[in-house]
Amino acid sequence: MKDDSALSSFLVQLVFLAFVSIGGINAAVPELHRQVVDINHWLSEQQFTDFFAIANAAPGPNLLIVTLIGYQLGGAVGALAATAALCTPTCLLTYFIAHAWERFKDAPLRIAIQAGLVPITVGLVAATAYLIARAADQSIAAVAISAATAAIAYFTRIHPLWAFAAAAALGFAGLV
Amino acid sequence: MSRGSAGGLVGLSAAAVGLLISMAGKLIVPLLQGRRIPSLVFALIAFVAVALLRLPLYGVVLSLAPVSVAVFWWRGR
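Chains as they are written, first to last, in our numbering: chain E, 16 to 191; chain P, 450 to 526.
Derived by calculation from the structure, the hints in this document are not laboratory data.
Note that this is a predicted model, so its numbers are computed, not measured.
For every residue, glycine included, the Cβ atom is placed at its ideal position computed from N, Cα and C.
Errors might be hidden in some of the hints.
As the list claims (entries may be wrong) - So, partial list: chain E residues that the calculated Cβ filter (under 8 Å) puts toward chain P: (1) P74; (2) P76; (3) T109; (4) P134; (5) G138; (6) A162; (7) A165; (8) G189.
To be verified - Each pair of labels, with its calculated beta carbon distance range: (9) W523/P with E60/E: 37 to 43 Å; (10) S20/E with A519/P: 21 to 27 Å; (11) G483/P with Q61/E: 27 to 33 Å; (12) W177/E with G453/P: 48 to 54 Å; (13) A159/E with S451/P: 21 to 27 Å; (14) A519/P with W116/E: 18 to 24 Å; (15) I486/P with W116/E: 25 to 31 Å.
From just these sequences and the hints, can you work out the full model?
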């Protein structure tokens, strides 16, 4: 699909998204899903879940999901523009906040901001897990893979990429 | 897309869910040691608002974050 108006409105959303995604891209996934799948129907539920999976499995930052959606909407230009639209405000924000953050390391307000934002991040990341699980965990095998990956990533030092490789192999063999 | 690569993506999606669960777990464990109740309440509100009620992230974060920070500020003094 090539659709300039879809791409430009997606880009505008991305610029603002950076300011409310406390906890990074994984906190922003429910909003991306709402805009891209529920409201605008740019992607199907399946495509969105696939893009999310690819972005998580591929080496590099998980914001790749935004690059993939940009590619879907506007080819290579869309991919680049979407990545830039998401990263530029984030980078600027991080640059300015990092300075202040270090300077006020022991200030009570800074501690309160951090304590206040972490629970919201937890809720948002859990919301992302719930939304993706609803689409991805359709079989007992898929639920088992999710549980096993969660356990490996939480309890061991094994790199999650091994879990991804095993999960992809099982899926490729038609076992999921 | 071939059936094999579609199956591979299903497997990858399931693994990605697992990674998210472990991420949420790693974030939540330190919260259980400190000010447990407000932390869990705000995490739960964010989850319900975004995952179940499907409210826009902007409204949720811009209304919840100041309240949450204010609560921790008030309790931390």
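So which of those numbered hints doesn't the model satisfy? The structure conflicts with hints 1, 2, 3, 10, 11 and 12, although it agrees with all the remaining ones.
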